[in-house]
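Asker: This is what each chain is made of:
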Amino acid sequence: MAITLEQIHYTYSPGTPFARVALQGVTLTIEKGDFVALIGHTGSGKSTLIQQMGGLLQPSEGKASVDGIDLSRKEKEIKAARGKIGIVFQYPEHQLFAETAYEDIAFGPRNLGRSPEETDRAVRRAMAQVGLDFDTFAQRSPFRLSGGQMRRLAIAGVLAMEPAYLILDEPSAGLDPRSRRLFFEQIVKSHKQQGMAIILVTHNMDEAARYAQRLLVINEGKLLYDAPPREIFAKYQKELEEVGLAVPAAARLAAVLRARGVPVPADIITEAELEKFLLTWVKKRGKK
Amino acid sequence: MLEVQGLKHYFTDEQGRTVKALDGIDMHVDDGDYVAVIGESGSGKSTLARHFNALLQPTEGRVLVDGMDTAAEENLWAIRSRVGMVFQNPDNQIVAAIVEEDVAFGPENLGVPQPELGRRVREALAAVGMTAYAQQGPYLLSGGQKQRVAIAGILAMAGRCIVLDEPTAMLDPRGRREVLATVKKLNEEQGITIVYITHDMSEALAAKHVYALEKGKVALAGTPEEVFSETDELERLGLEAPPAGRLAAKLRKAGIKINGNIIRDEELAEALWP
Ligand SMILES: Nc1ncnc2c1ncn2[C@@H]1O[C@H](COP(=O)(O)OP(=O)(O)OP(=O)(O)O)[C@@H](O)[C@H]1O
Ligand SMILES: Nc1ncnc2c1ncn2[C@@H]1O[C@H](COP(=O)(O)OP(=O)(O)OP(=O)(O)O)[C@@H](O)[C@H]1O
Ligand SMILES: [Mg+2]
Ligand SMILES: [Mg+2]
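Heads up: the protein sequence lines correspond to chains A and B, in order. Quick note: the first sequence, position 87, residue 319 per our numbering, numbers continuous. Quick note: the second sequence, position 58, residue 43 per our numbering, numbers continuous.
Quick caveat, the hints were computed from the structure, so don't treat them as lab data. It cannot be assumed that every hint is accurate.
[What the hints assert, rightly or not] So the derived label-pair ranges between C-beta atoms look like this: (1) Arg162/B to Ala504/A: 23 to 31 Å; (2) Arg237/B to Arg357/A: 35 to 43 Å; (3) Gly518/A to Glu255/B: 16 to 24 Å; (4) Asn246/B to Asp365/A: 30 to 38 Å; (5) Asp15/B to Arg376/A: 31 to 39 Å; (6) Trp258/B to Ala504/A: 16 to 24 Å.
[What the hints assert, rightly or not] Computed footprint of chain A on chain B; a stretch qualifies when at least three of its residues, placed anywhere within it, have a C-beta under 8 Å from a C-beta of chain A: (7) 178 to 191; (8) 228 to 236; (9) 248 to 257.
Since the model is a prediction, treat every value here as computed from it, not as a measurement. Cβ atoms here follow ideal geometry from the backbone N, Cα and C, with glycine treated the same way.
Please work from the sequences and hints to get the whole structure.
Answerer: What follows is the structure, given as structure tokens:
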């Protein structure tokens, strides 16, 4: 059970003066239960890549499949595969369409054939998961919400379908620190309890370091690295900077401390790890 | 430059309930100031921003731009040529079919003649690193690229004040650094007044003053040092201090003595290893 991409190439508007190569031979497999972060400079091909996973774009070359179903087959045959994948798009307003928040979230579960009771439960659960108060927001128009509220609504709509593979394109852009933390707590829970595979596209290196088990780095349409975040952030700081990326804030802070003579290990990439190290270090130093 | 007095803005939602998006804001932004606005989602940041160039009118209170009341129709043109706005979603401000024309749209409307117009467009595109895309269709750009074009459009208008609503939300780390550096340069070298809305506390550090909103009111205001040392209050507001400040607070809670107001990486290093 997996999403597999084999030698995917993709060109937008091929054969026109506006042709733009977006993917150049990407091969990768996302297993059920993976938690993957995908990072890359703007325009590197991340959004294009996830649309290949969801069968929303057909590759110019190569093959994409979900749980063994080839996504180049006819619409009817890939419907089952589509049902397993939920995508939260980069701009949530592109995804919202209904008159009320409630209807917007209910659309997915209804479409999957859930009963009205089940649908109602799914809507309420999803709203609670993203921290949108039911009484305040259920009847609001999606298009008159604040940026962060819209994003949470779009996420709720996808969560309500309980997809096997949840693809999130910059889900935390526009969320304040608390909403961001709550959101990731929910995602980690869905990942752990339901074994939902998570594919997180992000420009936030801290999130990639903290939550993902596996990090994919894409540069100009090619897969550059595929390894655990710790390995990539500790080893390839310079290379990441060269492709427009960076190390997490904690790693940057660790580097500043190291330059001062604090012996912070090279593989510290999250704030919690840095805090733990400093606590022991300061105490040890106090004893000397 | 900007004067906000007792500003309230109420919306009516679909069920006829009143949403108090702004509930009594006082704010003073000097000419050449650099102000960051932070606050939980729904706290009123975008609503406030939209008052600065008269896209929204107060329900109560006043907003003055260089002394001109935004509520007076005859001031509209003068206000919009002074205050430029970069929206939260760049899609909402793309107006032309070619990047270059999109950037030219604002200044052209202000009556900027050639060859000045061409020069401004070129410089603005260069400032955001999008020169290579001048002839592209803006709708075909990636998220971050669109955001840079939107910023270029405002730069080309050469107003005295730029309001940016989460301008780096979709940018990669390099893009963020570049936008921040661009904003800083405009502020320092040309004295352009900046109002910068963000959810990224590290970005707010670059400002001279920070306002934290809560449910349409100002909950905290001051220099970054003042605002970000209020760790408990920030937590309550759904916000947080930048990484060095957070870490310093945690170490202190664990009984480690750390002196001074710490919000920047170097300050923490200095405190730990003087
Ligand atoms: N509809 C389109 N038509 C033509 N070119 C496109 C289209 N969408 C994207 N592109 C181009 O394809 C390339 C990859 O775009 P994509 O949106 O996948 O990047 P991304 O990694 O998601 O970037 P970002 O981080 O800015 O969202 C970019 O050069 C972009 O300009
Ligand atoms: N047209 C509208 N009709 C009704 N309510 C609205 C409208 N526009 C905004 N609101 C409400 O006003 C409040 C403030 O919205 P605003 O967009 O200013 O928040 P914000 O601080 O910018 O949030 P975010 O960080 O999510 O962008 C929110 O609760 C929002 O739902
Ligand atoms: Mg994208
Ligand atoms: Mg907003």
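Asker: Does the Cβ pair Arg162/B, Ala504/A satisfy 23 to 31 Å?
Answerer: holds (25 Å)
Asker: Can the suggested window of 30 to 38 Å be confirmed for the beta-carbon pair Asn246/B and Asp365/A?
Answerer: The hint (30 to 38 Å, Cβ to Cβ) holds, given that Asn246/B and Asp365/A are roughly 36 Å apart.
Asker: Could you tell me whether the CB distance from Trp258/B to Ala504/A stays inside 16 to 24 Å?
Answerer: holds (21 Å)
Asker: Within 31 to 39 Å: is that where the Cβ-Cβ distance between Asp15/B and Arg376/A falls?
Answerer: holds (33 Å)
Asker: Can you tell me whether the CB distance of Arg237/B to Arg357/A sits inside 35 to 43 Å?
Answerer: Given about 39 Å between the Cβ atoms, the range holds.
Asker: Is the gap between the beta carbons of Gly518/A and Glu255/B within 16 to 24 Å?
Answerer: holds (18 Å)
Asker: Take the segment 228 to 236 of chain B, compare each residue's beta carbon with every beta carbon of chain A, and decide whether three or more fall closer than 8 Å.
Answerer: With 6 residues close enough to chain A, the hint holds.
Asker: Is the listed coverage of the segment 178 to 191 of chain B by chain A valid when you require three or more residues with a beta carbon under 8 Å from a beta carbon of that chain?
Answerer: Three-residue rule met by the segment 178 to 191 of chain B, so holds; n is 3.
Asker: If you look at each residue in the segment 248 to 257 of chain B, do at least three have a Cβ nearer than 8 Å to any Cβ of chain A?
Answerer: With 6 residues closer than 8 Å to chain A, the segment 248 to 257 of chain B meets the three-residue bar; holds.
Against the hints set out earlier in the document, no violation occurs for any number.
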